[in-house]
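Taking the hints into account, I'd like the entire structure generated from these sequences.
Each chain is listed here by its residues.
2 protein chains.
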Amino acid sequence: MSPTIGVFDSGFGGLTVLRELLRIIPGSHYVYLGDTARLPYGSKSRETVVRYALSSARFLEEHGAELLVTACNTATALALEDLQEALPIPVIGVVDPGTRAATRACGDAGNGERPGVLVLATQATVDSHAYARSCEAAGLLATEKACPLLVPLIEEGWGSEGSREEMCEVTSQVLRIYLREALESTSNARAVLLGCTHYPLLRSAIEQTLSELGHPIPVIDSAQATAEAVAEALAARNLVRDDVHDRCEFFATDSVAKFARLGTRFLGSPVENVQLIDLGG
Amino acid sequence: MSPTIGVFDSGFGGLTVLRELLRIIPGSHYVYLGDTARLPYGSKSRETVVRYALSSARFLEEHGAELLVTACNTATALALEDLQEALPIPVIGVVDPGTRAATRACGDAGNGERPGVLVLATQATVDSHAYARSCEAAGLLATEKACPLLVPLIEEGWGSEGSREEMCEVTSQVLRIYLREALESTSNARAVLLGCTHYPLLRSAIEQTLSELGHPIPVIDSAQATAEAVAEALAARNLVRDDVHDRCEFFATDSVAKFARLGTRFLGSPVENVQLIDLGG
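Chain order of the listed sequences is A and B.
Going by this note's numbering, the residue at position 100 of the first sequence is 100; the numbering climbs one at a time, nothing skipped.
Start counting at 1 in the second sequence, then tack on 1000, and there's your number in this note's numbering.
Treat the hints with care, since some could be wrong.
Stated by the list, open to error - Covered stretches of chain B, going by a simulated chain A footprint (3 or more residues, C-beta under 8 Å): (1) 1032–1045; (2) 1153–1163; (3) 1168–1175; (4) 1254–1260.
Said to hold, decoys possible - Computed list of lysine to aspartate or glutamate pairs in EDC-like fashion (alpha-carbon distance at most 20 Å, straight line): (5) B/Lys1145 with A/Glu166; (6) A/Lys258 with A/Asp278; (7) A/Lys258 with B/Glu1047; (8) B/Lys1145 with B/Glu1166; (9) B/Lys1145 with B/Glu1184; (10) A/Lys145 with A/Glu184; (11) B/Lys1258 with B/Glu1272; (12) B/Lys1258 with A/Glu47; (13) A/Lys145 with A/Glu66; (14) A/Lys145 with A/Glu166; (15) B/Lys1258 with B/Asp1278; (16) B/Lys1258 with A/Asp127; (17) A/Lys145 with A/Glu181; (18) B/Lys1145 with B/Glu1249; (19) B/Lys1145 with B/Glu1207; (20) A/Lys145 with A/Glu212; (21) A/Lys145 with B/Glu1184; (22) A/Lys258 with A/Glu156; (23) A/Lys258 with B/Asp1127; (24) A/Lys258 with A/Glu272; (25) B/Lys1258 with B/Glu1156; (26) A/Lys145 with B/Glu1166; (27) B/Lys1145 with A/Glu207; (28) B/Lys1145 with B/Glu1181.
It is worth saying that the hints were derived from the structure and are not from the lab.
The structure displayed is predicted, hence computed values, not measured ones.
Even for Gly, the Cβ is constructed at its ideal location relative to N, Cα and C.
In structure tokens form, the structure reads like this:
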């Protein structure tokens, strides 16, 4: 029997994590939920995000998930402990794996100082300081920068390949504003950590802007490190997998047509047979 | 007794309507609900918007509203008829009043053609074609243009007075892209109608961009015309008002602190004593 792995996000960004899960742990049964009727989480309060995350997680557990991946930085930052307490299955978030990836990228500052890492995230994730705590525990010094306009720009496709030059220029200008502000408040950033699962779709634009600003440091995300953490947790629990083929089920709380259309960009392969569910509210 | 008037929106934009209500119908008791836990409505499906609008409207009716103003273009466009069927009180939306304001601004094309009006709105409002139908009934020819990035830009304050020049330049560039596309698809627009209650906060930037593009046509919104429609409905129903002072109660489904902070910009005067409510979900 292959294990059933539940993956949830407020919307589409978590599909960048599912993409890595499919690469690193093939032959599993994945159940993905995008809580699109209530997105975005990143601009909302802790109380509201915890409530939404709990109902999303419970749906996946009731749907057979033996392990849950909170593939959303905001939900991880604000609700991971609540989820771990409420659910009888292991719950893995994206913050600590992201920090682990940052540690590998930063190496040792070599002068007794903690290496600095610049974390780009939603307002709610920044306000929670979950990355500051996680990085401190790993010996890194995090500078957290909220970038609220990036998610809408990505969802509109204004930064992606194939979009018109004047639209990409808007995204570049927004990135210049955010990154210049962030770099002014930190002198020793050795890597940029993408603390929102939407942001990998802007990776090359972010790398280019960093170069233009004279800070060509590596840009890392938590997707691969999260998939590695899931593989370790499965091995530790002896949840073997022996299916030849992956199976993916997709659920969304709002328009399934929009989920299939936008989701395909995030997953990098077609998202099909999305089922609509109602979590109330 | 002064009448109790319920006003609801997905968030803050409806406060631009409340502002006009307070000016035109002072001495009333206003109960405002911003469904901030579930915003935005404008990117979501009809089914979800109807569900959210019904629960918001029912809250206000249970809270004593004798007349309901749907101060949200998306909710009006997608759910007005459902609300009017479900509630025992009059429900007034913002689309028909907006069209009436556009009719006044456009005048008569004079050559037998219908005057054209360019409607800027959310994706959901555009997809509903509520403005196309309303304008056609009024003898206007609407060109509907979705502008999904304007709400996030406004909520971040990137287009408002006092924001930094490079941030205003981003908003101007986004407006140039949207307005150039819209003007290319219509040859005879005589006015721009703001079909989202957020957009009045960008009125001067929109006017300036229209001038730069060589189309200095008037920019109108539905707030004043909606308040006039409410005054007519109150008079027709003999709902007199005799209080000297207005009373406003504010409710929100997410962070009350954020509601007070952002709301003050939309209302143009302090938003105080916001109460948190849970509509489920």
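Q.
So if I understand the rule, the pair passes when the alpha-carbon distance is 20 Å or less; does lysine 1258 of chain B with glutamate 47 of chain A pass?
A. holds (13 Å)
Q: Quick one: see if chain A covers the region 1032–1045 of chain B, three-plus residues with Cβ-Cβ under 8 Å.
A: Our answer is that it holds, as 6 residues pass the Cβ test (under 8 Å) against chain A, meeting three.
Q.
Run the distance test for lysine 1258 of chain B versus aspartate 127 of chain A: straight-line Cα separation, threshold 20 Å.
A. Status holds; Cα separation ~13 Å.
Q) With a cut-off of 8 Å between beta carbons, are at least three residues of the region 1254–1260 of chain B near chain A? A) Check passed, 3 qualifying residues.
(Q) Does glutamate 156 of chain A sit within 20 Å of lysine 258 of chain A, going by the straight-line distance between their CA atoms? (A) holds (12 Å)
Q) Holds or violated: lysine 1145 of chain B with glutamate 1181 of chain B, Cα cutoff 20 Å? A) Cα-Cα ~8 Å, so holds.
Q: Mind taking a look at whether chain A covers the region 1168–1175 of chain B? Criterion is 3 or more residues with CB to CB distance under 8 Å.
A: holds (count 4)
Q: Decide if the proposed pair is consistent with the structure: lysine 145 of chain A and glutamate 184 of chain A, CA atoms, cutoff 20 Å inclusive.
A: holds (11 Å)
Q) Between lysine 145 of chain A and glutamate 1184 of chain B, does the CA-CA distance stay at or below 20 Å? A) Violated: lysine 145 of chain A and glutamate 1184 of chain B sit about 38 Å apart, past 20 Å.
Q: Sort out whether glutamate 212 of chain A lies within 20 Å of lysine 145 of chain A, counting only the CA atoms.
A: Measuring from Cα to Cα gives roughly 19 Å; hence the hint holds.
Q: Would you check the hint for lysine 258 of chain A and aspartate 1127 of chain B, treating anything up to 20 Å between C-alpha atoms as holding?
A: Holds, because 13 Å separates the two Cα atoms, which is no more than 20 Å.
Q) Is lysine 1145 of chain B close enough to glutamate 1207 of chain B, meaning Cα to Cα at most 20 Å? A) holds (16 Å)
Against the hints set out earlier in the document, violations occur for numbers 8, 13, 14, 18, 21 and 27.
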